[in-house]
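Here the protein sequences line up with chains A and B, keeping their order. Mapping of the first sequence onto our numbering: position 243 corresponds to residue 261, and the numbering continues sequentially without gaps. Mapping of the second sequence onto our numbering: position 68 corresponds to residue 253, and the numbering continues sequentially without gaps.
These aren't lab readings, by the way, just hints derived from the structure by calculation. Please note that a few of the clues may not be correct.
[What the hints assert, rightly or not] Below 30 Å or equal to it, Euclidean Cα-Cα: the simulated DSSO-like pairs (lysine-lysine) are: (1) A/296 <-> B/443; (2) B/443 <-> A/264; (3) B/387 <-> B/187; (4) B/443 <-> B/187; (5) A/273 <-> A/296; (6) A/264 <-> A/296; (7) B/443 <-> A/273.
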Amino acid sequence: MSGDVLAVADYRRGELRDVSFELLTAGRELADDLGGELHVAVIAGDVDGFAEELTREGVDTIHTVAEGEEFNHDVYVQAVTALFDELSPSALVAPNSVNGLDYVPAVATRLELPLTTDAVGLSYDDSLEVTREMYGSKVETTVAVDAEPFAVSIRGGEWEAAAPGGDATVESFSFDLDEDAVGSRVTGFEEVGGGDVDIGDAEFLVSVGRGIEEEENIELIEELVEATDATMSSSRPIVDNGWLPKNRQVGQSGKQVTPDVYLAIGISGAVQHVAGMKGSDTIVAVNTDPNAPIFDIADYGIVGDLFDVVPALIEEFGG
Amino acid sequence: MKVLVTVKEVAEAADDFEIEGDDIGEQYLEYDLNEWDDYAVEAAVQLQEEGDDVETVAVTIGPERSEETIRMALAKGVDRAVRVWDDDVAGAELDVEARAELLAAVAEEEEPDLILSGVQANDTGFGATGVALAERLGFEWAAVVNHLDMEAGDPVAAVRRELEGGVEELTEVDLPAVLTIQTGINEPRYASLRGIRQAQSKEIAPKTLDDLGLGPDIVETPIRRTAMYEPESESDATYFEGDADEQAAALADLLREKGVAR
Numbered sequence: 019m020s021g022d023v024l025a026v027a028d029y030r031r032g033e034l035r036d037v038s039f040e041l042l043t044a045g046r047e048l049a050d051d052l053g054g055e056l057h058v059a060v061i062a063g064d065v066d067g068f069a070e071e072l073t074r075e076g077v078d079t080i081h082t083v084a085e086g087e088e089f090n091h092d093v094y095v096q097a098v099t100a101l102f103d104e105l106s107p108s109a110l111v112a113p114n115s116v117n118g119l120d121y122v123p124a125v126a127t128r129l130e131l132p133l134t135t136d137a138v139g140l141s142y143d144d145s146l147e148v149t150r151e152m153y154g155s156k157v158e159t160t161v162a163v164d165a166e167p168f169a170v171s172i173r174g175g176e177w178e179a180a181a182p183g184g185d186a187t188v189e190s191f192s193f194d195l196d197e198d199a200v201g202s203r204v205t206g207f208e209e210v211g212g213g214d215v216d217i218g219d220a221e222f223l224v225s226v227g228r229g230i231e232e233e234e235n236i237e238l239i240e241e242l243v244e245a246t247d248a249t250m251s252s253s254r255p256i257v258d259n260g261w262l263p264k265n266r267q268v269g270q271s272g273k274q275v276t277p278d279v280y281l282a283i284g285i286s287g288a289v290q291h292v293a294g295m296k297g298s299d300t301i302v303a304v305n306t307d308p309n310a311p312i313f314d315i316a317d318y319g320i321v322g323d324l325f326d327v328v329p330a331l332i333e334e335f336g337g
Numbered sequence: 186m187k188v189l190v191t192v193k194e195v196a197e198a199a200d201d202f203e204i205e206g207d208d209i210g211e212q213y214l215e216y217d218l219n220e221w222d223d224y225a226v227e228a229a230v231q232l233q234e235e236g237d238d239v240e241t242v243a244v245t246i247g248p249e250r251s252e253e254t255i256r257m258a259l260a261k262g263v264d265r266a267v268r269v270w271d272d273d274v275a276g277a278e279l280d281v282e283a284r285a286e287l288l289a290a291v292a293e294e295e296e297p298d299l300i301l302s303g304v305q306a307n308d309t310g311f312g313a314t315g316v317a318l319a320e321r322l323g324f325e326w327a328a329v330v331n332h333l334d335m336e337a338g339d340p341v342a343a344v345r346r347e348l349e350g351g352v353e354e355l356t357e358v359d360l361p362a363v364l365t366i367q368t369g370i371n372e373p374r375y376a377s378l379r380g381i382r383q384a385q386s387k388e389i390a391p392k393t394l395d396d397l398g399l400g401p402d403i404v405e406t407p408i409r410r411t412a413m414y415e416p417e418s419e420s421d422a423t424y425f426e427g428d429a430d431e432q433a434a435a436l437a438d439l440l441r442e443k444g445v446a447r
């Protein structure tokens with residue numbers, strides 16, 4: 019094996035995503051352990067502009083693949099497979115993003131690479147060891163991969179972004195796209211969940227999660243919101259259940275919020291939720307489970323039953 | 186038209202649990218239908234109800250106990266089910282590749298036009314089986330689908346993929362295809378009493394590796410779990426102590442101090 023690492027950057031609608039710069043750090047560390055070089059691929063869109071931005075510390079070569087305007091998984095699978103065949107690296111790394119979920123497993127299958135996903139830690143000492151979470155983030159596991167080359171996708175927010183600088187070589191890569199094998203077409207994008215309220219503007223968010231149990235109990239949170247003149251938001255299950263509209267959802271697939279105070283009620287703190295609210299100035303969590311991950315990022319915590327605490331709080335504000 | 190829906194019995198850990206070896210102790214685990222698969226089942230049943238001549242089949246990889254879970258899919262309206270299991274599968278640590286291979290063998294027998302699969306399973310959270318399955322079968326696919334616009338018999342599925350940050354991608358996918366289904370795409374129904382009764386008489390066909398024409402090497406994997414532990418708490422939160430009234434009073438003081446509530 020060459021010891022080289024091939025990292026594939028993620029972007030959307032003209033902008034590289036933060037995880038792409040974190041990917042450079044994870045890729046560099048892995049390449050150091052493997053004793054090889056870090057190659058970075060960027061596929062479709064303004065690849066030359068992206069290459070400039072991806073020129074950061076630790077990157078050896080950037081491969082630009084000018085094929086299409088936006089992400090298309092059929093094109094990505096062909097491009098990454100062709101580049102992998104050309105470079106014969108020891109590892110393929112990519113973000114565990116929604117687009118990563120859409121092409122990495124197919125590449126791994128096609129290239130017969132063992133795949134581990136959603137890594138929160140990587141180390142290599144004769145073989146790869148991947149740290150992952152299980153059972154809804156309640157535990158961490160380590161997984162050993164006794165084969166090379168291998169593929170691994172990384173979770174955003176777990177590595178520092180690579181520092182600007184460096185002197186990466188930029189090379190354009192072309193391959194023969196098999197048009198007949200492109201069976202999917204991206205026809206557009208749509209912003210969802212605009213609506214009447216922008217939770218992104220709120221100073222005080224009262225956010226409700228699965229712990230509320232029943233739709234009718236949302237009324238209790240509404241009373242609190244009214245008594246404190248706050249804005250109501252929620253975690254994903256509440257919106258999935260249709261109890262609140264999409265524009266109230268905080269998280270990776272919802273809205274990123276940065277209020278002065280974020281009061282999380284009955285929210286366990288799944289990683290997708292935390293990604294949307296960790297920038298809040300002050301985080302307060304109310305949860306019955308003292309081990310709920312939300313307490314790891316909370317500034318203040320109440321271990322208790324929301325059905326006791328919330329009515330008492332409403333009373334405090336004369337509700 | 187035939188729709189195959191992959192379902193998984195997943196383990197959920199109790200609030201208080203202990204780790205034994207490299208897994209949570211069996212006594213702290215409860216089994217249920219994977220949340221994402223529940224939405225995939227609903228999508229399959231809706232297609233069946235909307236179209237004439239649509240057959241729905243659920244497939245799972247799991248021990249006999251998992252029949253309880255798959256019966257939930259049958260009770261919600263899925264026509265019949267296939268369960269893959271034998272001693273070799275039981276003794277293996279199934280990675281994405283092995284799962285995709287087992288499901289592909291069933292799909293090759295069933296020849297579905299559409300396969301619906303949850304985006305991920307809430308125990309292991311790999312999120313990769315559906316797309317790996319599509320690639321293995323030579324099917325098209327779309328991952329993280331939160332809206333499906335197609336009628337039975339359509340050659341193309343128009344889907345929305347839920348990207349991060351409140352953006353949806355509109356994509357057309359040629360059939361046959363695998364769609365990995367995101368929660369919130371629909372409202373999964375509760376099984377009716379009638380459905381539960383009917384499910385008792387529906388077929389759950391057991392399949393071994395041998396039945397599927399596969400050898401035991403199919404479940405061999407270079408990936409193995411080496412440890413499990415509770416992450417060290419990074420919490421430096423200040424906890425409000427006392428009963429609910431005292432906790433609420435302290436929180437109210439904090440909110441006033443921060444100037445967000447009066």
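Verification of the hints:
| no. | hint | result |
| --- | --- | --- |
| 1 | A/296 <-> B/443 | holds (18 Å) |
| 2 | B/443 <-> A/264 | holds (28 Å) |
| 3 | B/387 <-> B/187 | holds (17 Å) |
| 4 | B/443 <-> B/187 | violated (58 Å) |
| 5 | A/273 <-> A/296 | holds (12 Å) |
| 6 | A/264 <-> A/296 | holds (20 Å) |
| 7 | B/443 <-> A/273 | holds (23 Å) |
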